[in-house]
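Asks: Take a look at the letters that make up each chain.
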Amino acid sequence: MTRATPLVLVVDDDPSIRQTLSRELAAAGYDTMEAADGMEGKARFEESRPDLVITDLAMPRADGLAVITAVRRIDRTPVIVLSVRGEEEDKVRALDRGADDYITKPFSLRELLARVRTQIRRAEAGPVAEVLRFPGLEIDRARRTVVRDGQDVRLTPTELAILELLAGHAGRPVTLRQIIAKVWKGAPATTVDTVRVHVGSLRRKLEPDAANPRYIGTEPWVGYRFLAELVEG
Amino acid sequence: MAADQRAISRRGRAAWVALPFAAALVTILARLAGANATTAGFAYLLLVLGLATWGGWAVGAAASVVAMACFNFFFLPPFGTLTIQDPANWAALITFLIASTVASRLVATARQRAEEAQSRQREVEILYDLCFSLFAASQRPGVLGEAAARTLRSIGAESGGLYLAGEEAPASTFGPEPLPIDRDLVQQALETQEIAEARGTVFLPLHVGGKTNGVLVARWPVAPRAVLESASRLLALAIERERLLGEAAHLEAVRESDTLKTSLLRAVSHDLRTPLTAMRLEIESLQGRLAGQPDALASLGGLSLEQGRLSRRIDNLLSLARLEGGVARPHPEPVPPSSLFRAARESLSLILADRTVEIRVEPHCPDLWADPSLALETLVNLLENAARAAPSGRPLELAASPEPESRVRLEVLDRGPGVPPGVKRMLQGTRDLRRTADDAAGDSAAGGLGLRIARGLADANGGVLTLLDRPGGGTIARLILPAAPEPPDPVEGDG
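Heads up: the sequence lines are chains A and B, in that order.
Using our numbering, read the first sequence as starting at 1 and increasing by one per residue.
Using our numbering, read the second sequence as starting at 1 and increasing by one per residue.
What the hints contain is simulated information worked out from the structure, not anything from laboratory work.
Bear in mind the structure is a predicted one, so any value in this text is a computation, not a measurement.
The C-beta atom is built at its ideal place from N, Cα and C for all residues, glycine as well.
You may find that some hints are simply not true.
Claimed, not checked - Across the chosen pairs, the derived CB separations fall in these ranges:
#	chain 1	residue 1	chain 2	residue 2	range
1	B	D258	A	R143	50 to 58 Å
2	A	T69	B	D258	48 to 56 Å
3	B	A253	A	E89	18 to 26 Å
4	B	R233	A	G186	33 to 41 Å
5	A	E89	B	D459	17 to 25 Å
6	A	T69	B	L303	50 to 58 Å
7	A	A43	B	G301	37 to 45 Å
8	A	A26	B	D459	45 to 53 Å
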């Protein structure tokens, strides 16, 4: 990132949401620009290359999916999708097409700003480190070891692969389809139930309190999200 | 084939009549030509073969005998008598008889085979034409009458009609005048799946795939039985195809209607939630800017509470519309009760801000097998009702425990006034969620609406919702949902 202040592009057909979001993002220390539909969003992205895109899904002229496709054609700029309940399938489609996160309307400003911070931080960070450190958890990708609260956790290769995938996307949702594609290399016989069984087993070994998961959260309809935040250094 | 049979018998009669004349003609010509015995014998042999070819084996046999008699009478000495002088002539006569009989037999058989082959060819042509006209030529809907008429024409019936199973009146009739139909025979053909026949009228059952979908009545059909059976099977297939096309069109209409409902609901959902989002963002924004003004903040808090309530009500109504419209398809997945409870509390964080909510999940309580969104909405409705009913000083409780038969019991417990009688009646009464709209007037209606929707959502999730009076005062809202299947332990060292 070359800018001192990150630039955020807000694409939404509702002027009131667009303006409030711009104002609040500016108050939180970001530069902003707006687009009223997908076509304008694509044009704005191409001319200004913002550091983050927040886009609605249902819009007149090119929708949110078209915006994601256009962004992904150029680079890995983080994209957060604004969706509403009842658009679950579109939400999953958006994530599979390359969106980094979603937030469901009506959402709270605090929540959105937290997601924006996570995405900007991720984009600023370099490549994923060999050792991923979270509060109480350390994943050494080179030595293929997992240590929780000072204790070695023995995982099967599949469980370790899932954990590495989720932890490597800490704070961001990972869809079931993405897990199948990455961990099982898209093997045709793999079903979402297979994924759930392995995640269930991973949770039993990893979570100190199953009732209050510290690391692996479920995203209804979508997949999973690694909840803990990376510890710097 | 009946027409062919009639033609053959006509030809046979003509051959019989021609026999004496032909014998006389050959004799006269042979005598006039001064033919010897050998020449005459060959001439008579030709006569026999000709008649056998024309009229069949019986005429050929008779011609052999007549020819032998004429041969003996006119050409073997002593002439003019049926006696034989030279024993060698006996051998000639008997040889002639055997040769002519065998040859006439062979010729007649060959002729018969050729006629049979022609007849089969005609049958195949008839069935092919029928097949083509029923399945290829017409793709228009509602052509059953036309298909029946084509079938009747192809089997050469003078008149007839088509009766469909389960219908009194004929689906179509064919021919110059109405046909008097014996309904009992139609019924018999339908039930026995056998061809029935009475006074020249044939009742052909139309069966396909083990069921009879109608009867074709044909008056004086000329086609043989094998063709009638094949033709009726083709017509049965055509009727079945009509039925399937009709069903497909209906399904297509239902699918289109579902698609329309879904897109309409999505549009409404988007249009209602967008202003709510804008409201919420503005409220939060104002909360930040009015940080030092407690009075204004209190008002904003109230506004926020109402915005949240409106949001949930809209969620409820849209869920209700989806359930009612049949476009809500639950996507069940394993849901841990604790995470569901936590999510429900977070959804109502403003309402529950100054309340204690105790959560109890029994050890070894299995995960739920439910659509997470629907399960959460159900629980939020129940929790909101409990919060509204119970005095603010008393804690609310959320409990999860295993139930027999792989089910999980979720309970929302409060110390409010207990279950109002009206609500009990409502839960026990009609399951028609549409009544909700009529009931949604008055203060208690919000709770009623929430409960009705909770029940609708519970139903959609394969669960059961009951409201019970709690011992010691208060209400237990009990939701029984299926448990998630226990995952098998993955083998160590897999992958």
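Asks: Would you mind marking each hint as holding or not holding in the structure?
Replies: Going down the list of hints, with the structure as the test:
1. B/D258 <-> A/R143: 50 to 58 Å: For B/D258 and A/R143 the Cβ distance comes to about 53 Å; the hint holds.
2. A/T69 <-> B/D258: 48 to 56 Å: Violated, at about 28 Å.
3. B/A253 <-> A/E89: 18 to 26 Å: Given about 23 Å between the Cβ atoms, the range holds.
4. B/R233 <-> A/G186: 33 to 41 Å: 48 Å, violated
5. A/E89 <-> B/D459: 17 to 25 Å: Since the Cβ atoms of A/E89 and B/D459 sit about 23 Å apart, the hinted range of 17 to 25 Å holds.
6. A/T69 <-> B/L303: 50 to 58 Å: Since the Cβ atoms of A/T69 and B/L303 sit about 39 Å apart, the hinted range of 50 to 58 Å is violated.
7. A/A43 <-> B/G301: 37 to 45 Å: Given range 37 to 45 Å: holds, Cβ gap about 41 Å.
8. A/A26 <-> B/D459: 45 to 53 Å: 47 Å, holds
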